[in-house]
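**Student:** Kindly produce the complete structure, drawing on both the sequences and the hints.
Chains as they are written, first to last, in the working numbering: chain A, 1 to 595; chain B, 596 to 1190.
It is worth saying that the hints were derived from the structure and are not from the lab. Careful: at least some of the hints might be erroneous.
Said to hold, decoys possible - Derived DEER-like restraints, expressed as beta-carbon distance ranges:
| # | chain 1 | residue 1 | chain 2 | residue 2 | range |
| --- | --- | --- | --- | --- | --- |
| 1 | A | F419 | B | A1100 | 47 to 55 Å |
| 2 | B | Q789 | A | E500 | 55 to 63 Å |
| 3 | A | L435 | B | L741 | 31 to 39 Å |
| 4 | A | F419 | B | A744 | 38 to 46 Å |
| 5 | A | R394 | B | A1100 | 40 to 48 Å |
| 6 | A | I142 | B | L1166 | 33 to 41 Å |
| 7 | B | D1131 | A | I142 | 36 to 44 Å |
| 8 | B | P824 | A | L435 | 31 to 39 Å |
| 9 | B | V1000 | A | I142 | 58 to 66 Å |
| 10 | A | V196 | B | A744 | 53 to 61 Å |
| 11 | A | I564 | B | K1071 | 33 to 41 Å |
| 12 | B | Q789 | A | F419 | 56 to 64 Å |
| 13 | B | L1166 | A | V196 | 53 to 61 Å |
| 14 | B | A843 | A | E500 | 34 to 42 Å |
Said to hold, decoys possible - Covered by chain B, per the in silico footprint, the following chain A stretches (three or more residues, Cβ under 8 Å):
| # | segment |
| --- | --- |
| 15 | 433–439 |
| 16 | 455–463 |
| 17 | 528–536 |
Stated by the list, open to error - Which chain B residues stay away from chain A? Per the calculated CB distances, all over 12 Å, these:
| # | residue |
| --- | --- |
| 18 | G865 |
| 19 | G1067 |
| 20 | A1100 |
| 21 | R1154 |
Glycine included, every Cβ here is placed at the ideal spot set by N, Cα and C.
Number of protein chains: 2
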Amino acid sequence: MPRVPLRHGEGNKEHLTSFGGLAALSLDALSSVAYGPEAIVLVLVAAGTSALRLTVPITLAIAGLLVVLVVSYCQVISVHPDGGGAYAVGKKDLGPTVSLLAAASLVVDYVLTVAVSLAAGAASLASAFPSLGHHILAMCLIGLVLITAVNLWGIAESARVLMLPMVAFLAAIFGVIIVGLVRAHPAIVVGSAQPVHVSEALGTIVILKAFAAGCSALTGIEAIANGVPTFRRPRASRAQHTELMLGALLGAMLIGLAVLIAREHVAPRGGVTVLAQLTAGSFGTGWAYYATNIAVTVVLALAANTSFGGLPVLMSLLSTDDRLPHLFGLRAERPVYRYGVVALAVLAAVLLLATGAATHRLIPLYAIGVFIGFTISQSGLVRHWHGRRSRRWRLRAALNGTGAVLTATAAVVFLASKFTSGAWVVVLTVPALMLLFSRIQSYYRAVGLELDLGRHPNRPLPAESLVIVPVGGISKLTEHALHAALSLGDDVVAVSVHPEAAQSAAFRAEWDRWNPGVRLDTLNSPHRSLVHPIVDYVRRAQQDDRQVAVLIPEVQPRRWRYRILQNQRGLLLATVLRASTDAVICTIPYRLTTR
Amino acid sequence: MPRVPLRHGEGNKEHLTSFGGLAALSLDALSSVAYGPEAIVLVLVAAGTSALRLTVPITLAIAGLLVVLVVSYCQVISVHPDGGGAYAVGKKDLGPTVSLLAAASLVVDYVLTVAVSLAAGAASLASAFPSLGHHILAMCLIGLVLITAVNLWGIAESARVLMLPMVAFLAAIFGVIIVGLVRAHPAIVVGSAQPVHVSEALGTIVILKAFAAGCSALTGIEAIANGVPTFRRPRASRAQHTELMLGALLGAMLIGLAVLIAREHVAPRGGVTVLAQLTAGSFGTGWAYYATNIAVTVVLALAANTSFGGLPVLMSLLSTDDRLPHLFGLRAERPVYRYGVVALAVLAAVLLLATGAATHRLIPLYAIGVFIGFTISQSGLVRHWHGRRSRRWRLRAALNGTGAVLTATAAVVFLASKFTSGAWVVVLTVPALMLLFSRIQSYYRAVGLELDLGRHPNRPLPAESLVIVPVGGISKLTEHALHAALSLGDDVVAVSVHPEAAQSAAFRAEWDRWNPGVRLDTLNSPHRSLVHPIVDYVRRAQQDDRQVAVLIPEVQPRRWRYRILQNQRGLLLATVLRASTDAVICTIPYRLTTR
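**Tutor:** Following this line, the structure appears as structure tokens:
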């Protein structure tokens, strides 16, 4: 069984430079400029096109929050150099319930990252190729299948491979901004103008909603703090360097795009994203337009892909804390890893189908979870500074406290304003996941108590052993099984089941002619049941103090498709014996060479 | 695990009287009067309503064939008192290829019996309740789900329970015939008249097609010969008695209904079956009409149910002959029985969906297989008489030879006339099944040769044994596993896997403090893989001549839903070890009492 390729942070640790870290850990954050500014425009336009002039001030406020978050995460990095993340911070500083909340919202967010990135990527591609406009959902599902296949197959992403699309993406976006600012007028206005239905008055509520919606551009900036162990030493300072780079790049892009939006009076237009409109305004609709849209699509698809690396790591952390089945601790085992990949893909597909792959319907759900995580990280830091009372702790606590209040406000605004249009899903899912994790944890705790986990049980002593070998005929397989049984047991008995006494007698005569040196017990079963007579026999054998084992030989055909022809009876017998007796169940393979 | 209830012929053998045998084994045959006469009418009307006058002569010809078949099956019963059936007859007298053909057509027929009976039953119910007319397919699927559920749950049908519906059915049909013959004119004409499209000239082809279609009324008369062992002694004569009763009843019903059809000028009418038209003609549309239609529906549903009893028996016979996985020999085991029930239900559902539950589209497919079976049985008898050359063998052989030619003709006519409208499915399926059975048989034969099945292998000798116990911690579970390992092995070693050397050292220190008297080997796995280090360890241990066993403790939670939380790692380990080493894999259950 081949090994699952390494993900970030495994095996080859300490390999990321600051710039490599940006490619490996920040594509999700950087690519959110494809939907964040658009989310602001969509909210504001509901209060009339004149409201769009608020885009720049609102973006500046978001950039302010970005500064707070970046500084805050730099502190998280120095406080938790082993990889922070809301889950670890919450567990350490804020207690089990908060860490459960963090875990649940992270799980929801991994699913939503996949869905949002695919939906935004499809919208970007459809802006370049309008004939794809009616197939957004289909494109998302095809993209999802491709990403899932790549992950099932197991391609290790490397920072070097991700570098090229990231550089292309940054060059394209900054190209749009710089060329756009230099031009007096937009080169081309693309997309069909839509009638504006003014449904709300321009007031605090709309501004708050636009602010909260635009905050979706901040999703993903926590990833660097989660991934500190993947940096080259000195890890913390390299990671902080990357976090600052990310903040600077993201802030500059957001503000630049907002200024362009205001200058070019960009409004939602049918079938063309806001970013694509700005691109056309700067570059026209020649090759540069196509190249930019494709770069955006590729980076969004890669952002979707990061969840497939991240969720297994989180599930493994949760299983270490007894909050998910221990199985998920073995994330390097391919079958376990595949469970996770397929589960994530199915959930993302459900979300895409439920929302019709509309980015603006997914973003509120997405942002709620992300902002819960931000709030938890910042609150944890406040608690941390308060507990340590180191130098300048009040200033630090005030900074993180402000961040916590702002991000909590954004989460509440999302939740309240979008409750009926989908946010209730998050409100149901997050507590349900928390309950699940906590039920699993209390189950494992009870089992641990029952098993005296961590104490020293009695010293195990050997007992006499009896090995029972069910036989159906005399062959090399029988010899193979009896050899193993004689090696393992102090006493060995072969058992055969026959419909009638005559057949039993005939088989006994044949057995005696062979004379294998093992005694035979024959059982009669007029109902042609194999399992029950043997189960009863094993139960009777267990009545003394001997250790009873049942040894079942298994023919292993060379080809998989012959599996159904072999061992099914043994499998059935083993299953029933396991459920209804305390015997040791042993299976011994006999490898066929036939065909 | 509760036992599957007994089917006919198991356990309580020799319990059927002649009349009981009619109820237990002939519902399928008797109920075919619900679709056989209708099939004739449907073919003839294509040559104009005047062609309908041929209904009586064609039915008389079919009754003649019925006589030949009944006499022939009486002979099958005396020649094969252990239960004949086309499969057994073919295997004994006509060689392996013919018996494969018989087996394949029987499998196809079991599926089609379910589909045809349900479709005809739904049509009968819709005749009584016209509002159900647009929901024939849905009614069939609901009926299928109910029958499947009953069979999964496992209700044993008894001849006594079946007696009542059979008597009601016979009373109703003979009531329709007698009252109808006494009346001068039909009481009421139901159903809406349909325009007749004359698409064929009345000639030999149409008459042959009508004959072949009407022969579908003969399906099921082989069941008594298959079930001889279920009769009370003297079995053969009781079974022959039942066969004769069936022939007389079926013949009388077919001729009586044909005469009524001719007298009342019955033609296909929208939404009402031919039998329902005759019922209304005799009884009017009062309670007797509803009662008759319901009795017909119930008997058809019970006829569908008989396949669920019959297919497992056939599969068990095939598995005894190495033509199906040996697993199916264990038909008394509930999981095996359930596979068969679910597979049959799924295939019948596919057929119903593909044909829209239209009886007239299913009947040709059905009849082909049945008539292949008839032909094989009769040809086998010809060969039998020829081989024995007993008294009057020429007469007997001539009788069966005639039957074989007639039934073969019917099969060929069905096949040719319905090839493009569905019979090609049978033409593909039957050889595909034959190929499958024969591939399975040659696989088992090759394996038997490799295993020296039936010869005496060497006498097995014991070897030294080493039992490896993977441990993840120290608990009562560890003690339990080590106790069993010490009982079974000459040498025992515990193995633990840790991500880093420090953890290994800590666990070793803990182990030494416990001092269980078993040595510990620690393995390091920086990739968090549990399976590979242990597989490598086992492979190394197998390099000497010792018998190596790996003992994996399994926590057995009290509730099923906790299964996912336990043992998944052990299961994964066992699966990989089984596939990639020759070690004996032992599992030992540890039953939790927690919750």
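**Student:** Please go over all the hints and tell whether each is borne out by the structure.
**Tutor:** Here is what the structure says about each hint:
1. F419(A) x A1100(B): 47 to 55 Å: Given range 47 to 55 Å: holds, Cβ gap about 54 Å.
2. Q789(B) x E500(A): 55 to 63 Å: holds, 60 Å
3. L435(A) x L741(B): 31 to 39 Å: holds, 37 Å
4. F419(A) x A744(B): 38 to 46 Å: holds, 42 Å
5. R394(A) x A1100(B): 40 to 48 Å: holds, 43 Å
6. I142(A) x L1166(B): 33 to 41 Å: Once the Cβ atoms are compared, 34 Å apart, the range 33 to 41 Å for L1166(B) and I142(A) holds.
7. D1131(B) x I142(A): 36 to 44 Å: About 40 Å separates the Cβ atoms of D1131(B) and I142(A), which means 36 to 44 Å holds.
8. P824(B) x L435(A): 31 to 39 Å: violated, 58 Å
9. V1000(B) x I142(A): 58 to 66 Å: holds, 59 Å
10. V196(A) x A744(B): 53 to 61 Å: The hinted range 53 to 61 Å holds for V196(A) and A744(B), with Cβ atoms some 58 Å apart.
11. I564(A) x K1071(B): 33 to 41 Å: Since the Cβ atoms of I564(A) and K1071(B) sit about 38 Å apart, the hinted range of 33 to 41 Å holds.
12. Q789(B) x F419(A): 56 to 64 Å: holds, 58 Å
13. L1166(B) x V196(A): 53 to 61 Å: For V196(A) against L1166(B), whose Cβ atoms are near 60 Å apart, the range 53 to 61 Å holds.
14. A843(B) x E500(A): 34 to 42 Å: holds, 37 Å
15. 433–439: It is violated: at least three residues are needed, and the segment 433–439 of chain A offers just 0 whose Cβ sits closer than 8 Å to chain B.
16. 455–463: Since 9 is at least three, the answer is holds.
17. 528–536: Satisfied; 5 residues make the cut.
18. G865: holds, 41 Å
19. G1067: violated, 9 Å
20. A1100: holds, 18 Å
21. R1154: violated, 10 Å
Violated hints for the displayed structure, listed by number in ascending order: 8, 15, 19 and 21.
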